[in-house]
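Following our numbering, the numbering of the sequence shown begins with 1 at its first residue and continues without gaps.
No lab work stands behind these hints, which were simulated from the structure alone.
Worth double-checking, as some hints may not be accurate.
As the list claims (entries may be wrong) - Below 30 Å or equal to it, Euclidean Cα-Cα: the simulated BS3-like pairs (lysine-lysine) are:
#, residue 1, residue 2
1, Lys273, Lys239
2, Lys234, Lys272
3, Lys461, Lys422
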Amino acid sequence: MKDVLNFFVKLLDTGDWSPRWHYGSWTGFHGWLYILSDLLIWLAYFAIPFIIIRFIARQQEVRFARLYYFFAAFILACGATHLLDAVTFWIPLYRLSALMRAITAIISWMAVFYLIRQLPYAARALKARVSLEVDIAAYKEAAANQQIKNILAQESRQLFKNVFDNSPVGIALVSPEGRWLNVNASTCEMLGYTKDELLKGSFQDITYPDDLAMDMAFVSQMLNKERETYQMEKRYIRKDGSIVWALLSVSLTWQEGKPAFFISQLTDITVKKQLRLEVEQKNAELENHLTRINEFNRIVAHNLRGPASSLINMSDYLEKSSSDADRDFLLSKVKDTSLLIINTLNDLTQLLEIQLRQEKQSSVSLFRDAYENSLHMLDEEYKAATPVIDVQFDVEEVLFPKAYLDSIFYNLLSNAIKYRQKDKPPVIFIGTTALNGHVVLTVKDNGIGIDMQKHGHEIFKYKKVFHKGYNSNGVGLFLTRSQVEAGNGKIEVESTINEGSTFRVYLSKNDLL
């Protein structure tokens, strides 16, 4: 204890030692190298704490500040020991130098213990810092990716806008309820409406009624996720009332699990559709002509070959016959057969004129005029039968060959009078109505009727007679059907034995004025 007290009493006493220059064999170079090195180390150790303190002062928040101060004190103390080493070359303050070394040792171990205690906190802080840096890096990457996505989305939107605005095909965005959300110029041009006019309504408003049910069925299936897209041919009603055919292709866009809007593409196929209908019509006409030609060939084979063969046979008999009575009889048969052939040829000529005439001269034909003309031609039959005729012409005129219409009235009215029941006065109804795109001419009687099960398939065939004893040649209904079909119409019949017959002639409504 006495030594310790004596140490501090003589702390600055230099009498017990000589300066370091006087110990050993110091050369000038060796001594000054030692002195200058210690001084430079002291200056560096002195500067470092001030730099640390300056750094701490500039930070808004410093973690582990005490550790920085311990480190600064340790460095400053180390520097002081080097300064005292240099001073002892002239002033032997060895006690002060020893004390400074002790202080340096104490500070250094205090820093060590403090560092050991703070290591777990530092590790967690470092981990948090690393995690934060990772989060920041991830955020920056996400932000960069989002920026790229935004750029791509903007480019995609611009590309879609360019396609939408400049597409030659109609494109429309439609709400799940059917309202127009956006339409391009091609859609407006095809439908004949302005954009503002379309956006005020829905596609249901301008869909042709017959096509709406199928379209809505497809829409329902898409909303129920039963299909992803659909395509159909449908008609729209333009602003001017005309019909436009479109090939409609539809897809549905979903957002957050809910239907957002339909993307509809509309391609105008009106011309294509018209061409297709014309081709189908021409094919039907061709098939009809082929059927008529085959029927014509059968008529020729059946109705001319037999009489011609009879003429040849009778000519042979004439050459061989020596009896005047036999020759007169054979000549009479030859005349009858020749008349039959001439009549058949006349019928076939009339049929060919109907079937093969390239241009049928249609004109405004009045149903009442055709009716009155037929009554005039049937004057004797009318007077003999005194029929009760009810006439109702709801449609008064039609664009149809007048000669054909007169002939149709004549044949149907003639049959109604001719095939009457013996014990009943004939009651006949003649009328016209408009029905499902046609004008229907109806001729109904209460005559003897026709067995449809037996003869229904051959009513309109050539030379078919279903009742004997009525002076009929079986040509009238055959010509009537040919004339009706030549005018793009059709004829149907309903009949019951002893109740009467009803003939309905369907003429195209397109021929109406």
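Tested hints:
1. Lys273 x Lys239: Roughly 20 Å between the alpha carbons, so the hint for Lys273 and Lys239 holds.
2. Lys234 x Lys272: The given pair, whose Cα atoms are some 13 Å apart, holds under the 30 Å limit.
3. Lys461 x Lys422: The hint holds at about 26 Å.
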